[in-house]
Amino acid sequence: MKKKPLKSSTRRVNNLNTANKLFDKELVVKSTTDNLAIIRDFTKAAAKSCGFSDETIDKIALAVDEACTNVIKHAYQNSPEGDIIVNISVSENKMKVAITDFGSNFDPTAVPEPDIRKYYRQHKVGGLGIYLMKKLMDEVNFSSGAGNGNQVILVKYL
Amino acid sequence: MVDFNVETREDSHVDIVDLRGYLDAHTAPELENVFTKLIEDKRFKVVVNFENLAYISSAGLGVFMAYVETMRENDGDIKFTNMSPKVYNIFDLLGFPLLYEFYTDEKEAIKKFNEKS
Numbered sequence: 013m014k015k016k017p018l019k020s021s022t023r024r025v026n027n028l029n030t031a032n033k034l035f036d037k038e039l040v041v042k043s044t045t046d047n048l049a050i051i052r053d054f055t056k057a058a059a060k061s062c063g064f065s066d067e068t069i070d071k072i073a074l075a076v077d078e079a080c081t082n083v084i085k086h087a088y089q090n091s092p093e094g095d096i097i098v099n100i101s102v103s104e105n106k107m108k109v110a111i112t113d114f115g116s117n118f119d120p121t122a123v124p125e126p127d128i129r130k131y132y133r134q135h136k137v138g139g140l141g142i143y144l145m146k147k148l149m150d151e152v153n154f155s156s157g158a159g160n161g162n163q164v165i166l167v168k169y170l
Numbered sequence: 005m006v007d008f009n010v011e012t013r014e015d016s017h018v019d020i021v022d023l024r025g026y027l028d029a030h031t032a033p034e035l036e037n038v039f040t041k042l043i044e045d046k047r048f049k050v051v052v053n054f055e056n057l058a059y060i061s062s063a064g065l066g067v068f069m070a071y072v073e074t075m076r077e078n079d080g081d082i083k084f085t086n087m088s089p090k091v092y093n094i095f096d097l098l099g100f101p102l103l104y105e106f107y108t109d110e111k112e113a114i115k116k117f118n119e120k121s
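Top line first, the protein sequences correspond to chains A and B. In this text, residue positions in the first sequence follow the numbering used here: the first is 13, and each later residue adds one. In this text, residue positions in the second sequence follow the numbering used here: the first is 5, and each later residue adds one.
By construction, these hints were calculated from the structure, which means they are not laboratory data. Possibly wrong hints are sitting among the right ones.
To be verified - Below, computed lysine-lysine pairings styled on BS3-like, alpha-carbon distance capped at 30 Å:
1. A/K60 to B/K90
2. A/K85 to B/K41
3. A/K147 to B/K46
4. B/K116 to A/K130
5. B/K90 to A/K42
6. A/K56 to B/K116
7. A/K130 to B/K41
8. A/K37 to A/K130
As the list claims (entries may be wrong) - Per the computed footprint, the stretches of chain A lying under chain B, defined by three or more beta-carbons under 8 Å from a beta-carbon of chain B, are:
9. 81 to 87
10. 139 to 147
For every residue, glycine included, the Cβ atom is placed at its ideal position computed from N, Cα and C.
Bound conformation, chain B alone:
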């Protein structure tokens, strides 16, 4: 049973991370590996697309907290897009909108990165 899948692709010098399925304490290490690799490759401008993510627990949220500062220190960021209201609600309960940018569309987030540089 494949309960979680993460894939990366590139668009206009920004790395897009596509999440699918269920992100919990079991599957969060897969996402950690992706972020570790992005940092190794010096890819600091990251958009996470949540369109196909059905579920997130605090283990998943913790991954974004663990890596965002490295991205920002290197003139990058982690921006969130295409989140369902159900998943957004969990981020909102924990106050993430104070520290992270959320966009309804992936293109907007990519544009935001390219405006800056």
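So that you can see chain A by itself, here it is in the shape it has in the complex:
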């Protein structure tokens, strides 16, 4: 799926498709790690307004941080010029966070579940983020477009 990069940093999304959603907000930032704090704050504010507990709010913010860190590292390969779109929508029973980029395709599902002892022996460091995302959220779905771009959808039930 290819969307046009948006100019504004945050905005409310209003269209017919969102009529049944209680909440729909979007943040667009460049692919730099200093934006992770902004992304976490945006996510926490949204999760708070849904009435999640502090513990769950922290889990969601960490999962979104991990997803965006992957986008910066893998999709944009640390280039600071890419756009990351974080869209948060809330319907009756769930909060959905969609993270979209326009960088190189990457397949996080190819990453096996980490075994900490094996990691230690093999001096491996990566792959922990995806595992954490799956542990922290109720649903995690990855998709890549035919050209450039990826999308991760994280879901937490209310």
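Keeping the supplied structure of chain A fixed, place chain B upon it in accordance with the hints.
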């Protein structure tokens, strides 16, 4: 805005690394620099005090994984202390307690190092 701070001090031949704030992919390189320096200076017995750390992501966890073996090969270790339940939970989810020692108090970790030597 200072979102992360790392400082080192010494106590009974052990280096204590104090973490403060938010440790993520943006701030993890600062911690990497500290570990690189410790290794350069041949300081292999390290206690990381998490008392003032509010947040950690896998980028932060990866730093400990990257350096622990060098410490252990040189008769040292990286031991963790004073972690909040929230931060400990992330380490626990990834199975770190299988490979690392966690202490509630910094003094216990220092004592453990000095018992060995």
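Going through the hints against the structure:
1. With a C-alpha separation of about 17 Å, the suggested pair A/K60 and B/K90 falls inside the 30 Å cut-off, and the hint holds.
2. Taking the CA atoms of A/K85 and B/K41, the gap is about 25 Å. The hint holds against a cut of 30 Å.
3. The straight-line distance between the Cα atoms of A/K147 and B/K46 is roughly 37 Å, outside the 30 Å bound, and the hint therefore fails.
4. Taking the CA atoms of B/K116 and A/K130, the gap is about 26 Å. The hint holds against a cut of 30 Å.
5. Note on B/K90 and A/K42: the hinted pairing holds, with a Cα-Cα distance of about 29 Å set against a maximum of 30 Å.
6. A hinted pair counts as satisfied when its Cα atoms are at most 30 Å apart, and A/K56 with B/K116 does not qualify at roughly 39 Å.
7. Distance restraint check for A/K130 and B/K41: the Cα-Cα separation of roughly 27 Å lies within the 30 Å cut-off, and the hinted pair is therefore satisfied.
8. For the hint pairing A/K37 with A/K130, the CA-to-CA distance comes to about 41 Å; that exceeds 30 Å, so the pair is violated.
9. For a cut-off of 8 Å, the count of residues in the region 81 to 87 of chain A with a CB near a CB of chain B stands at 3, and the three-residue condition holds.
10. Chain B is given as covering the region 139 to 147 of chain A, and this holds because 5 residues of the stretch bring a CB closer than 8 Å to a CB of that chain, at least three being needed.
Hints 3, 6, 8 from the list above are not met by this structure, while the remaining hints are.
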